[in-house]
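With the hints as your guide, set chains P and F onto chain R.
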Amino acid sequence: MDPVNAPVNDTATDPAAPASLEVSGLAFAYPDGHQALFGVDFRVARGERVALLGPNGAGKTTLVLHLNGILGGGAGTVTVAGLPVGGRNTAEIRRRVGIVFQDPDDQLFMPTVREDVAFGPAAAGLRGPELRERVGRALDLVGMGGFEDRPPHHLSFGQRRRVAVATVLAMEPEILVLDEPSSNLDPASRRELADILRGLDVTVLMVTHDLPYALELCPRALVLSEGVIAADGPTAEILGDDALMRAHRLELPFGFDPRVAGRP
Amino acid sequence: MGAGHAHRLYRPGGSGVHTLPPHLKLTAAFAFVVVVVSTPREAVWAFAAYAVLLGAVAAVARVPAGFLLGRLLIEVPFVAFAVLMPFVAGGERVGVLGLSLSVNGLWGAWNVLAKGTLGVAASVLLAATTELRALLLGLQRLRLPPLLVQIASFMIRYGDVIADEMRRMRIARQSRGFEARGVRHWGVLAKSAGALFIRSYERGERVHLAMVSRGYTGSMPVLDEVRADRAQWSCALALPAAALLICLLGWTL
Amino acid sequence: MHVPDGFINAPLSAATGVLAAGAVAVSLRGARRELAGGPAGPGGEPGGERTAPLAGLVAAFIFAVQMLNFPVAAGTSGHLLGGALAAILVGPCTGILCVSVVLLMQGILFADGGLTALGVNITDMAVVTTVVAYGVFRGLVKVLPRGRRSITGAAFVAALLSVPAAAVAFTLIYALGGTTDVALGKVATAMIGVHVLIGIGEAVITALTVGAVLAVRPDLVHGARDLTRPRLKLRVDGDLVDAPAPAPEPVAAAPRASRRALWITGLVTSLVLAGFVSFYASANPDGLEKVAADHGIDRAAEEHASADSPLADYGVKDVSDARLSGGLAGVIGVGATVVTGSAVFWVLRRRRASEAS
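Line by line, the protein sequences are chains R, P and F.
For the first sequence, the tail end lands on 263 under numbering that gives the first Met the number 0, and the numbers increase by one without skipping.
For the second sequence, the tail end lands on 252 under numbering that gives the first Met the number 0, and the numbers increase by one without skipping.
For the third sequence, the tail end lands on 356 under numbering that gives the first Met the number 0, and the numbers increase by one without skipping.
One chain only, chain R, in its complex shape (with noise of 0.2 Å):
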């Protein structure tokens, strides 16, 4: 059984085939005694495209980190395509859950974009013909080929996203986890930057508060509100449920019905 070469779409709708992610019964306290998870419970299946909304404060940061074990400790377990999270497993995690971060500049730290775009699977290992190839086409999907050589805080905040995206694709991970991908992005930027997330054959959590843009690229919907997953479903339905969207403090934009904007 190898699971991480399986063809992605047709594991898509097959149930027995390990999920990409399963969350289930996390809990977790900060050291200070804050605590932000009180049971979580989800599961994506493979190629699944999904947005995590929520209000701010709801948790949304400190799940995702929970995802690739940089928090743990509590309660419930983590699961990647079968891998529990955790212990011994912690590097092949990293390597299959590919976060990017809310600020590439945070997350684009080497000198030029090639090795930045290189650490990861250079971190894993990977070495000479092999490893450029991975950052030549990582480079590719997100259109970014030729500019390996540029230093990244030389490239426009749109670029820099996109990089970003690139660094984690270049460890061929097997979900995508994107905290607030179009916050600061131009429309041009946005629209680029979500055909770029269509196109990609992996399974996507996307943590939003843009609702047009959940609405626009994730079928599927969760709603995170006080540590808990308080709603699951279409997002189309999700969006269209006032008095769900009011209780958790979630609201559209003005003059943006999802009843009637066009799905693509």
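Check the hints yourself; a few may be wrong.
[What the hints assert, rightly or not] What the simulated footprint calls covered on chain F by chain P, stretch by stretch (three residues with Cβ under 8 Å from a Cβ of chain P suffice, anywhere in the stretch; the number is not a length):
| id | segment |
| --- | --- |
| 1 | 54-63 |
| 2 | 110-119 |
| 3 | 209-219 |
FYI, nobody ran anything at the bench for these hints, they're computed from the structure.
C-beta: ideal position from N, C-alpha, C; glycine also.
Below, chains P and F without anything else, positioned relative to chain R:
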């Protein structure tokens, strides 16, 4: 000042000096300065010869003389110190234009000026012909502790980001009508400095998370192994070797 | 004040280079300890891997903050040197490391400070400044009552002493390996006189900055971590009660009071000593000046004054500076005593702890 500051000295080019592996250039510049510093100050001609050597390197690297001379201004505080020396140093004295000057002090001033200037010129040539990234790789190749090189490369990477944050804070202060004019405004500036520290430190924590998320376990993968062949070594070491010859002549003549 | 090439002779440059390399090597180990902490993953990664990004960002901060201009008056302005600030905010080892990296990069990238003088510059500006500042800071925090104001006060004194301490260190290096035989008294007077003024600015800025950090993220002030740790609460029958304080070390319980008393005694003694030193120095200004007179510097200064050159007031400055430097020697004496004292205490306490175990 500020962004771009970190790259002001580098002048892109494809000359022989530019393409030498960085660790060779670092070694050559350092050896050259060591030789210069070890030269007896009385061998005035030797310093002229060193200047000619550096001039030749600058010509090969196509670094314009104006650029090189302009950068020497960094020395000005020490020039002031050197000018004082003939007045304050002890020993035998000579009268020049009605002033009594110490012979020893004059030699001292010459010594500091000549060696300091040559040192700055050598460093400027190094920085003008070597990219930041290459310099870091060179330091790594010269067996500097890897952790130190990592710290230096993070400093280079985020120096501009933080200087930018500082500039935005200044603009924010000015937009609200604040203009620091004297000591009584230091409190506000220090608050900005404190905020800048907190932001820097928190960014450090976030960068660490991003690194760990991509499998960082304490060491950076070395991707560009810079190697040098014998021809490059002999090319790079020509400068300090010539300098050493001059230095030895300076001691014996 | 970056020393260029040729200012200090080759042997001493090499010697300080070795010293600086040693200090950096020790700091590389120490910094791992100082920057450890924070949430460790379930895999239990060692904290050491946080060192590079955190120290790198702090170095970038120091580099940036040195560009922040603090206007003094009439168009002049000063800026922070940062050694004391780094020591107090991130600990002495990380401080040494960060300032050293800043100096290294300034030397290589901006030709600021000679390549062969790197050892002198690191020893002087990274090591001496940081160690003196941290020693004084910790010493004062121990004797002063707990509280935020004590921490900023201690930061003020620590930064105030650290700058002239660097000037003293420079003078010593110059005495051993200077390439011109300017009378030592002259160098000391000029260096220390100027650096006392710089030290005052440094002290004000450092104290204000530490205060600003303390107000928002007290946990980030390394030198005051143990003072700002919050008390844990427990929920008992619906009410919040203070968690019992962790049991104090069995040995430390009784000696704690006496150790505090010892600290205060030590500080008072060194202050009294310092008073004597400065009194002696100002009562006998010729102690330093005699050397200068023997070398004919005074005459030069007088001729100079009559020559109406821009340096005319040098002779006048001389006398007042002698008193200033005398008083200063006292202040530095206190700093040195506190540092030495803490070192002795630390060694003694460790020995006692190891005997007890």
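Consistency of the hints with the structure:
no., hint, result
1, 54-63, "holds (count 9)"
2, 110-119, "holds (count 6)"
3, 209-219, "holds (count 8)"
The structure fails none of the hints (numbered hints given earlier).
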